[in-house]
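Engineer: For this one, chain A is given, so just place chain B on it according to the hints.
Residue numbers (this note's numbering), protein chains in the order written: chain A, 1 to 171; chain B, 1001 to 1192.
Among the hints, erroneous ones may be present.
Derived BS3-like pairs (lysine-lysine); straight-line CA-CA distance at most 30 Å [what the hints assert, rightly or not]:
#1 A/Lys68 with B/Lys1002
#2 A/Lys16 with A/Lys68
#3 B/Lys1188 with A/Lys16
#4 B/Lys1188 with B/Lys1002
#5 B/Lys1188 with B/Lys1141
#6 A/Lys16 with A/Lys51
Hints in this document: simulated from the structure, not taken from any laboratory.
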Amino acid sequence: MPVSLTHSRLIHDALKACGVRIVSALPETWLVHLIRFAEDDPEMTLVRLAKEEEGVGISAGAHLAGVKSAMLMQNHGFLASVNGIVSCAQLYRIPLLMLISHRGTHGERDPWQTEGGLVTVPVLDALRIPHEVLTAPDHVAQRIAQAQTLAYSASRPVALLLGRSLMWEEA
Amino acid sequence: MKRRDALAAVYPQLADRVVVTIMGAVAAELQSLGHRPNFFYLQHAMGLASSLGLGIALSRPELPVVVFDGDGSLLMNLGGLTTLARYRPRNLVHVVFDNESLLSVGGFPTATSTGSDLAAIAAAAGVPRTATVRTLQEFTKAFGEALAAGDLTTLVAKVEAVGPSAYVTDLSLLENRYQFQRYLRERKGGTA
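Chain A on its own, in the form it takes in the complex:
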């Protein structure tokens, strides 16, 4: 499976360096290593979800209880979480760090991912969620730290889109 092990490790290490202790996630291909790293890390708690929107509630509870968290999900999981993001995280000013695999973009071979790829950024914009795409390994640590800083200073959700060139290794 050509999901980048090296870059997944970079992302995991960056989350850990930011003090993230709870990661809620629903598996998807690009996230397999990240989920396994979170599960194997004794300093982290991985919460495997049935549906991504639960993760918004879990992160909100963790924040109110003083624990830093992050959500790992596919862009379709983000789309499935919109009401929770609006009526929990935004209504209650929760700093929510979302790492979203940006499927359905240039190079996508799975036909079923292509509609989600088209609407992810417009939906983020409509929700006024600041977002950046992570594409190169050398900016991963800094951008994750900066996203978390903004999430906390603004008390709002912030998104990082995990790009194909970072997550996927193929000729």
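Structural biologist: Chain B only, in chain A's frame:
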């Protein structure tokens, strides 16, 4: 059984517990009994009160957490029961007030009115302790046992479909949120 009477019966036991409620009648009735800084009312995001309670329970395993959910809300996040069961927080008691309707939007019947059994669904999801109670006496007893059990419990309380005349209170959402966060920051473990 009326939900407000059930809340009133256990109100003294909520004094040093971390309490999360859903929106609507549950939030308004608990506030009418007397707001406390350890009470958080999730006034929207239907379904996520139990997830938010799980987030607190996992983050602060030394604190006893009580979630007051409802049938309409829980039906929107049935998958969340499987997540609750999977992580089985020993410090979480999950009460579901089941009035078999979406009361605050006109009383439309939910699926529990036609037989869907939330306690059975919770048990099948893997929640180790579940029960359905129908009288105030049964509820008070089962709630006390759940607090003492030291394990995840989903307690379904069948209640009448009656509620307060108004749902908006003078406690602003963000005031409640920041007061609750401050309470958790200063709160030490255990119960008095």
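Engineer: Output the numbers, in ascending order, of every earlier hint that fails for this structure.
Structural biologist: The structure conflicts with hints 1, 4, although it agrees with all the remaining ones.
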